[in-house]
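**Student:** All chains should be built: construct the whole structure from the sequences, respecting the hints.
Each step along the sequence shown adds one to the number in the numbering used here, with nothing skipped, and position 65 is 65.
In case anyone wonders, no lab produced these hints; they're calculated from the structure. Remember, predicted model here, so these are calculated numbers, not experimental data. We put the CB at the ideal spot given by N, CA and C, even for glycine. None of the hints are false.
Calculated pairs, DMTMM-like style, for lysine to aspartate or glutamate (alpha carbon to alpha carbon, straight line, at most 25 Å):
| no. | residue 1 | residue 2 |
| --- | --- | --- |
| 1 | Lys54 | Glu11 |
| 2 | Lys54 | Asp30 |
| 3 | Lys36 | Glu65 |
| 4 | Lys54 | Glu65 |
| 5 | Lys36 | Asp60 |
| 6 | Lys57 | Glu11 |
| 7 | Lys57 | Asp30 |
| 8 | Lys36 | Glu11 |
| 9 | Lys57 | Glu43 |
Computed Cβ-Cβ distance ranges for the label pairs, DEER-style:
| no. | residue 1 | residue 2 | range |
| --- | --- | --- | --- |
| 10 | Trp39 | Arg77 | 16 to 22 Å |
| 11 | Pro41 | Glu11 | 27 to 33 Å |
| 12 | Ile62 | Arg35 | 15 to 21 Å |
| 13 | Phe29 | Val76 | 20 to 26 Å |
| 14 | Lys57 | Ser2 | 20 to 26 Å |
| 15 | Ala73 | Trp39 | 19 to 25 Å |
| 16 | Glu65 | Arg24 | 43 to 49 Å |
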Amino acid sequence: MSAHCMLTGAEPGFGNRISHSHRRTSRRFDPNIQRKRYWLPSEGRHVRLRLSAKAIKTVDAIGVEAAVARIRARGVRV
1 MSAHCMLTGA EPGFGNRISH SHRRTSRRFD PNIQRKRYWL PSEGRHVRLR
51 LSAKAIKTVD AIGVEAAVAR IRARGVRV
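**Tutor:** Listed below in C-alpha cells is the structure:
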C-alpha cells in the first residue's frame, strides 16, 4: 500500500508497455508520492503524511487542519 496518497486516494494505474514491434507487456503508473511533515497546531504536534504532489498543492491551498480533517473523514489514521 506504499503508493497511495492519504488525501486524494491516488493509487497506481495499470496499463501496457508497447514496444517498437508492438508487443505488449504489463506496466504500472505510480502516483508521485512524497513524505511531508506538517505542524498541526490544534494537537501541538507534527504529522507525517504520504501525499501525492497534487495533494501537497491542495494542502497549501486549504491548510493543514482542513486537509487532516479530510484524511480522517476518509477513515485514514493520522
